[in-house]
Amino acid sequence: MSISLRWAVGYDRAPVKLQTADSAPDWRIADDVFLVARARDGEMAAFEELVRRYRNDVYAISFHLLRHREEAWDCAQEAFIKAYRSLGSFRGDAGFKTWLLRIGANHAKDMIKKRRVPTVAFDDGLENDPPAGAQAPDAAIENKELGQAIEEAIAALPEIHRTAFVLREYQGLSYQEIAEVMGCNLGTVMSRLHHARRKLQTALLNRGVVEGDVP
Amino acid sequence: MNACSWQDEIARYFDGEHPDAARVEAHLAECPACRAELAGLRQVRALLPPAPSAISDAQFPLFMEGIREKLDAPRAYRWRTVWPALSFAAAALVVAVSAFLILGGGPQPALANEVESVSTELSGATVNVYENDDGVTTVWINVTKDTIP
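Keeping their order, the protein sequence lines are chains C and B. Quick note: the first sequence, position 18, residue 18 per my numbering, numbers continuous. Quick note: the second sequence, position 42, residue 42 per my numbering, numbers continuous.
Read the hints as simulated data drawn from the structure, not as lab findings. Mixed in with the good hints there might be a few duds.
As the list claims (entries may be wrong) - Below, computed lysine-lysine pairings styled on DSSO-like, alpha-carbon distance capped at 30 Å:
1. Lys-97/C to Lys-113/C
2. Lys-113/C to Lys-199/C
3. Lys-97/C to Lys-70/B
4. Lys-70/B to Lys-109/C
5. Lys-114/C to Lys-70/B
6. Lys-109/C to Lys-199/C
7. Lys-82/C to Lys-70/B
8. Lys-113/C to Lys-70/B
With the hints as constraints, model all of the structure from the sequences given.
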């Protein structure tokens, strides 16, 4: 039995074997540049792979900004929709993830502006499931209170400080990538991170969570 | 507060962004204030709660379906993008109609003729002039049978 291979060519990365004569394309092994190109051509399966890869990154930044699970879900969906409709404008000079997070962060900010009633995130317990393994009840309560205190401190940060902090601490973006997402320069990124961390340290000290001098 | 001028350097080192980590480490060995600064940064990071619940593999089909539905749905036109086109179309229509009227295109409306006087040589004939609201003038001549030649 002979198998013919179809090669992906025309990009600045090594060709990627995607398909044999008898099988459907395996999008999981394609890189972002190729997937974007295919999605731009209308290949929905390629776009779906991009959604699969980055859904949690977009959801996380949406949640940290909106502090509301359902709104974060909607925001993440809208971010991908906007990205799909804007694929023609993606130049590839920044990474696709960075470009996508910028869309998500901007949409979350728009949603916040449109809120008529300030939304207060509630703790439904689903996001603070205790880790597997037994924990003493007192320790579990203490950890839950500590986690809640930190979440409240993060939520109380000004939006630009919170965005920079979340992108660094939860998304692991570099300073340069944060600058691209937020549309600012490196110095501004460092300044925002500095302010976010100072505020968190102060908040934790005031709550007695940590010991030390006020920074 | 860390009074040392290396404060920004410590933050960059902490984030793995400093181009000369060895130099920072040498300074840390000699600066208690910066060591405390670094310890404070590490403490905050260590206390961070885990990331919010992810969109699981089981939830992904529902998430993707929502995206597909919105992509397939006809877009609600946003006035901000449609208004310029509508404005242009309306302006073009006004110009076209104006040109049509000014240049006299199409049949002109009938103008009513005012009857100033009526006379006839027919003996015994009477003439009535009627004018309706549409400006149509009717001249009604009544003659007797004997008058008709």
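Results for each hint:
Of the supplied pair hints, the one linking Lys-97/C and Lys-113/C holds, its CA atoms being roughly 24 Å apart against a limit of 30 Å. For the hint pairing Lys-113/C with Lys-199/C, the CA-to-CA distance comes to about 23 Å; that is within 30 Å, so the pair holds. For the given pair, Lys-97/C sits about 22 Å from Lys-70/B by alpha-carbon distance, which is consistent with the 30 Å threshold. Annotation: proposed proximity of Lys-70/B to Lys-109/C holds, straight-line Cα distance about 21 Å (limit 30 Å).
Straight-line distance between C-alpha atoms of Lys-114/C and Lys-70/B comes to about 20 Å, which keeps the hinted pair within the 30 Å bound. Taking the CA atoms of Lys-109/C and Lys-199/C, the gap is near 21 Å; set against the 30 Å cutoff, the hint holds. Distance restraint check for Lys-82/C and Lys-70/B: the Cα-Cα separation of roughly 11 Å lies within the 30 Å cut-off, and the hinted pair is therefore satisfied. A hinted pair counts as satisfied when its Cα atoms are at most 30 Å apart, and Lys-113/C with Lys-70/B qualifies at roughly 22 Å.
Of the numbered hints stated above, none is contradicted by the structure.
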